[in-house]
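Whenever a hint applies, use it, and build me the whole structure from the sequences.
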Amino acid sequence: MTAPVTFHWRSVMGARHFTPWRRCSPSWTGQAGTAGFSLPELIIVMVVMGLIMGLLLPLVLGSRDALRGDQRRTGVNQTLRAPSEIIGNDIRMAGERFARLGNSGLQPVQIVPGGTDAGDEIILRRNRSDEVLPVCETVQGSQNSLRVYRQQGWLNSPQGAPYPECGPVMDPDGWPRNLRAVHDLALATTTDGVLRGFLYNPSAGTGQFFDFRIRTPPTVTSGQILREGTPFAWDGYPLANRPRIYILEERRYRLRDGFVELIVNGRDQDPLRVAAGIEDLRFRYVLDDGQETSVMPEGMGWRNIRSVEVIMTAQFAEGADVTGRTLAHRYFPRNILSR
Numbered sequence: 001m002t003a004p005v006t007f008h009w010r011s012v013m014g015a016r017h018f019t020p021w022r023r024c025s026p027s028w029t030g031q032a033g034t035a036g037f038s039l040p041e042l043i044i045v046m047v048v049m050g051l052i053m054g055l056l057l058p059l060v061l062g063s064r065d066a067l068r069g070d071q072r073r074t075g076v077n078q079t080l081r082a083p084s085e086i087i088g089n090d091i092r093m094a095g096e097r098f099a100r101l102g103n104s105g106l107q108p109v110q111i112v113p114g115g116t117d118a119g120d121e122i123i124l125r126r127n128r129s130d131e132v133l134p135v136c137e138t139v140q141g142s143q144n145s146l147r148v149y150r151q152q153g154w155l156n157s158p159q160g161a162p163y164p165e166c167g168p169v170m171d172p173d174g175w176p177r178n179l180r181a182v183h184d185l186a187l188a189t190t191t192d193g194v195l196r197g198f199l200y201n202p203s204a205g206t207g208q209f210f211d212f213r214i215r216t217p218p219t220v221t222s223g224q225i226l227r228e229g230t231p232f233a234w235d236g237y238p239l240a241n242r243p244r245i246y247i248l249e250e251r252r253y254r255l256r257d258g259f260v261e262l263i264v265n266g267r268d269q270d271p272l273r274v275a276a277g278i279e280d281l282r283f284r285y286v287l288d289d290g291q292e293t294s295v296m297p298e299g300m301g302w303r304n305i306r307s308v309e310v311i312m313t314a315q316f317a318e319g320a321d322v323t324g325r326t327l328a329h330r331y332f333p334r335n336i337l338s339r
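In the working numbering, the protein residues as written are 1 to 339.
Please keep in mind that the hints were generated in silico from the structure rather than gathered at the bench. Remember, predicted model here, so these are calculated numbers, not experimental data. Note that beta-carbon positions come from the ideal geometry of N, C-alpha and C, so glycine has one too. Not one of these hints is a red herring.
Simulated restraints, written as ranges between beta carbons of each label pair: (1) N77 x S145: 45 to 55 Å; (2) P158 x R330: 48 to 58 Å; (3) Q291 x E85: 19 to 29 Å; (4) L327 x D171: 43 to 53 Å.
Here it is, written out as structure tokens:
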């Protein structure tokens with residue numbers, strides 16, 4: 001009975017000895033190693049890829065060109081919009097304290113046509129004082145003193161009788177009221193008492209800027225203001241033309257070598273550059289009768305202006321691609337409504 005049991009136990013124990021796995025590696029047949037695309041298949045794939053690229057490439061290049069075109073247009077618009085808004089703000093403020101003036105005399109808005117090869121200029125003025133000083137003598141040469149009022153004896157003479165404006169109303173301190181107002185302006189706005197004035201010849205429609213000081217107190221016998229700064233020759237202002245002095249601010253815009261320049265109060269030697277890259281600069285009056293012109297018609301003036309049109313042209317280059325654009329805006333000088 002014991003022998004079969006022993007044999008069975010040994011058989012079971014022998015079954016626990018596992019035969020280890022043998023390492024095996026894939027064996028490639030010669031036929032599998034040479035498998036791949038055939039020549040016709042490669043040709044078909046290349047043709048399909050070529051068609052896809054042919055369809056996609058124009059779309060990609062077109063999108064790139066459109067993007068660059070948008071960037072150029074945006075650049076041109078930014079180049080034009082900024083100076084146009086700067087000029088437009090000055091147009092809106094032109095004519096301040098000109099309420100007593102009509103279409104004759106000094107104009108708050110004046111366009112100077114530049115012709116076909118040069119841009120236009122625009123002159124924008126606003127008074128800093130309600131008072132205007134009459135000039136009561138002929139101004140010529142390089143004289144440094146200018147009479148702005150006269151004594152009653154001169155006013156009663158045949159020479160002075162035609163110029164009653166030279167006999168101003170005096171205040172209790174012995175100051176002409178218009179001169180007192182200008183003097184107070186000098187004290188309030190300057191540290192040295194020197195103001196910038198504009199000597200204007202109504203008959204010629206021209207004038208010159210100059211710096212001056214008011215004597216304190218003014219001497220009744222002289223009735224003069226004193227010119228300051230570097231002497232220069234006057235253009236000539238006959239008494240018969242009734243010259244006068246305005247205390248004003250003048251801003252003149254012009255185009256020079258692609259730059260929009262700002263000239264403040266006649267200081268041509270110190271222009272301020274407002275914008276670059278401008279090809280052309282034009283201005284037009286839009287009048288209340290529908291005319292659009294850069295030359296004010298005879299018998300009309302700033303009271304007839306409905307708006308002022310600012311027209312600018314610029315170009316933006318990127319490599320061989322150039323984008324040109326012209327921008328036009330209209331601005332209303334709101335002080336026209338003041339009476």
